[in-house]
Amino acid sequence: MIIEKGRIVDFVLTVAFGVIIYYYIQQATKGKYREVRRLPPLDGIEEAVRRAVEMGRPIQMSTGMGGFGAETMAGLAVLSHLAKLCAQYGADLIVSVIGTNKIPVTEAIVQQGYEDAGKPEEYALGKQVRWLSNDQFAWAGGMIGIVEREQVAAQVLVGQFMAEALIIVEAGMRRGALQVAGTAFIPDIPFFVASCNYCLITEEIFAAGAYLSKDPQQIGSISGQDIVRLILLGIIVVGILAAVVGSNFMVDLLGV
Amino acid sequence: MMAMEFLKKREIPLLITSLSVVVMLIGYFLSISVLKDVSSLLNRTVMIIGGTATIIGIINVAMLYVRRITQRQEGHWYFAIYGLIMIAITCYLGFAHGPASEIYIKYFQSIIVPLYSAMTGLLIFFITTATYRAFRARTLEGTLLLVSGCLVLLGNAPFGELISPVFPQISKWILDVPNGAAARGMTIGSGIGFVALGLRIMLGRERAAVPGGGE
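Protein chains in written order, with this note's numbering: chain A, 1 to 256; chain B, 1001 to 1215.
Among the hints, erroneous ones may be present.
Stated by the list, open to error - Negatives, chain B to chain A, calculated, CB over 12 Å:
| id | residue |
| --- | --- |
| 1 | Arg1072 |
| 2 | Phe1095 |
| 3 | Ser1164 |
| 4 | Pro1168 |
Said to hold, decoys possible - Per the computed footprint, the stretches of chain B lying under chain A, defined by three or more beta-carbons under 8 Å from a beta-carbon of chain A, are:
| id | region |
| --- | --- |
| 5 | 1020-1029 |
| 6 | 1197-1203 |
None of these hints come from the bench; they were simulated from the model. Don't be surprised by glycine CBs; every beta carbon is placed ideally from N, CA and C.
One chain only, chain A, in its complex shape:
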């Protein structure tokens, strides 16, 4: 067998889901796509930038910990939009980075944002993007320091956050910063809900790039996700019904 044992169904489902999402992306290219429902947390990003401009204080952004995982990529998509907005409105942007390997990519995205806004001269190396540490709590401490010393007007945190999340958002909360936060790490969701003005919950962060770009092809991928979700819901319902009548076939099937 060329496919690894125990991964056959995983393989089939992954390929099928990829094909479905790709089909909807292609459909969107032809103009056939549905509008995405409003996501207030993402609309809150513009509110955060405006607030920063009105108060004359900076806005702090972070894409969280980890390397270039899916959450970081989602955070970078938000950063791309945020950098452009900050350049357009004239808000001071501080991007606090953990992980040295993320610096070149983060700088390139922020620079691109300033270029897209027609203000490339306002981007300076080391001004917007700051590497604080490679260590989780040292980085969190650095972010709290920026919140306190520079009295940030807003914080946007989208990416992989862990135990340090509450420390960062509570510091922003005490400073009165408007906060937009999102992560796919479930234990952090209650922290963000309790301490932030807007919260993106798990999969919403992966739709952020598509939602903010308003690019039909990206939005098409979200329609594809909905179909995949329906299929999975069907599998779950069938599995529940099978379990109720005492059959283990779904568990056996998924284990193939």
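Chain B: place on chain A using the hints.
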């Protein structure tokens, strides 16, 4: 010059990204030894790049500190001096004595351990203040959160079991059934979002992967 322009084009990084994703995916699902070797090589390459990138980070932060000191940035420059001194001491001890030496480990731990303890202590207080704000019975959802939160607290605190042995059972049920179901739903949603994001990146539609993409 022309070679640099060619390399800067967004198609090149996009091609590398897509190829890497395909190789890693196929290497995971299919039992083809060559692909497994390539995906293992890619994993090692990522670690090497990550390690090398630390140098970029140190240069970046040192440049930032030097700029702050030379410009006498208000509220920053004296911290920058401290930062530079710490970088210099760490580098000296690391290079002169080695990262496994007793002096290096003692120096590192005598700073890191108290700082970590302080941060963890802060976390406890922040959890309390955040919980106080979240646990307010102003809406139906808020009331449900308050009641379930109190029950879970009673179930996990030692005195909860002393009051009634039912509390740990209720706490376990809340965590395993409603909480577990919601968490799994979120995890499945995340997985689907992850696949869609990956496809957008491979197709060059996601700006995060390649600046300029999605335009």
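Each hint tested on the structure:
For B/Arg1072, the condition that its CB be more than 12 Å from all CB atoms of chain A holds, with the nearest at approximately 15 Å. Every beta carbon of chain A lies more than 12 Å from that of B/Phe1095, the smallest distance being close to 18 Å; the non-interface claim holds. No Cβ of chain A comes within 12 Å of the Cβ of B/Ser1164; the nearest lies about 26 Å off, and the non-interface call holds. Once the 12 Å rule is applied to beta carbons, B/Pro1168 is consistent with being away from chain A; the minimum gap is 20 Å.
With 3 residues having a Cβ less than 8 Å from any Cβ of chain A, the region 1020-1029 of chain B passes the three-residue criterion, so the hint holds. A stretch counts as covered by a chain when three or more of its residues have a beta carbon under 8 Å from one of that chain; for the region 1197-1203 of chain B and chain A the count is 6, and the coverage holds.
In terms of the numbered hints stated before, the structure departs from none.
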